[in-house]
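Asks: Below, each chain spelled out in residue letters.
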Amino acid sequence: MPPAYDLILQRRGQLQTETVQVSDAAAAWRLGRDRYPECIRGVVCRDHSSVDATEPDSRS
Amino acid sequence: MELRLESQALLEAMHQAEQFFQNQRVVACMGDRFALSCLCLAEPIRRSMVGAATTEDEGLELVLRTQPSLLICSSDLESGYGIDLLKRVKAKLPTCQLLILLVRETKEVVQEAMEAFADAVIFKSSLGTGKGDFIQALATLAEGGVYFPEEIRKLGAAQSPPPHLPPLVEELSDRERDVVAGVARGLTNQAIAESLAISLETVKTHVVNAKDKLGAADRTQLAVMALLYGLIDPLG
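Just so you know, the sequences run in chain order A and B. Okay, so the first sequence: first residue is 1 according to our numbering, each after it adds one. Okay, so the second sequence: first residue is 1001 according to our numbering, each after it adds one.
If we take Cβ atoms under 7 Å as the criterion, some of the chain B residues that face chain A in the derived model are:
1) Pro1094
2) Phe1117
3) Glu1143
4) Gly1144
5) Gly1186
6) Arg1219
7) Val1224
Pair ranges (Cβ atoms, derived):
8) A/Gln21 with B/Glu1006: 44 to 54 Å
9) A/Glu38 with B/Glu1150: 20 to 30 Å
10) B/Lys1087 with A/Gln14: 23 to 33 Å
Don't read these hints as lab results, they were simulated from the structure. Backbone N, C-alpha and C define an ideal beta-carbon position, used for all residues, glycine too.
Can you make the complete structure from the sequences, with help from the hints?
Replies: Structural data, given as structure tokens:
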């Protein structure tokens, strides 16, 4: 299964997130820019194998 | 300004440009015919060029016809306006990355370029100065990121923290900001370590400390809080 990324989107002055599964960060940015060209503000990798085990993920 | 043709930095820049452009299809649109010709003939980029034009309408027509991966555009065109071309290209071909060279260095123009969804914004005056904006922009685009150098961000993207946010108990260090910016660009800890030339353990420590300072429970919250406080600009 491809890694999960959170897209950080700015909508009506609020920052919201949406999780997508894509191959890498570049693909996440591409998807974000394609789908939300006016809103994309950031991309965060949520793949546990790629981040520190001491970094808890509150939503998993 | 003297362009230092024999400098190591310039040779490295050419090598990096060569690497970037080998898988690109590039359209260039500039009002300055001489600059456009030089760009199209430059060795690292020559084989990647699929079109070149000097007006907004020609540029759009070329983009639609050749479906490039990258548009390099200057704000000044023989007719039309470079930033308007970006908007039109983004609407028609959103997968095309957009790099614009700005002539006027005003807040209004910078904001206009950002609002046109430019992926990289560079002042024309920074070219050849050794600051490396052009190469850094290419490297960022290759990662799928967005490049706004420091002076651009200061003019166009400076944001104050919203008034409802409590003041930070402890500021993030410069390194912590760098790491958090990497997190918000979608990089893994390993990729952040490589990009900053620091160890993986150091990155992890910065992430944990930054989360503590911002009261974030996870990486996504960390990025969101840092954005809300205006501490980072992952588009930069």
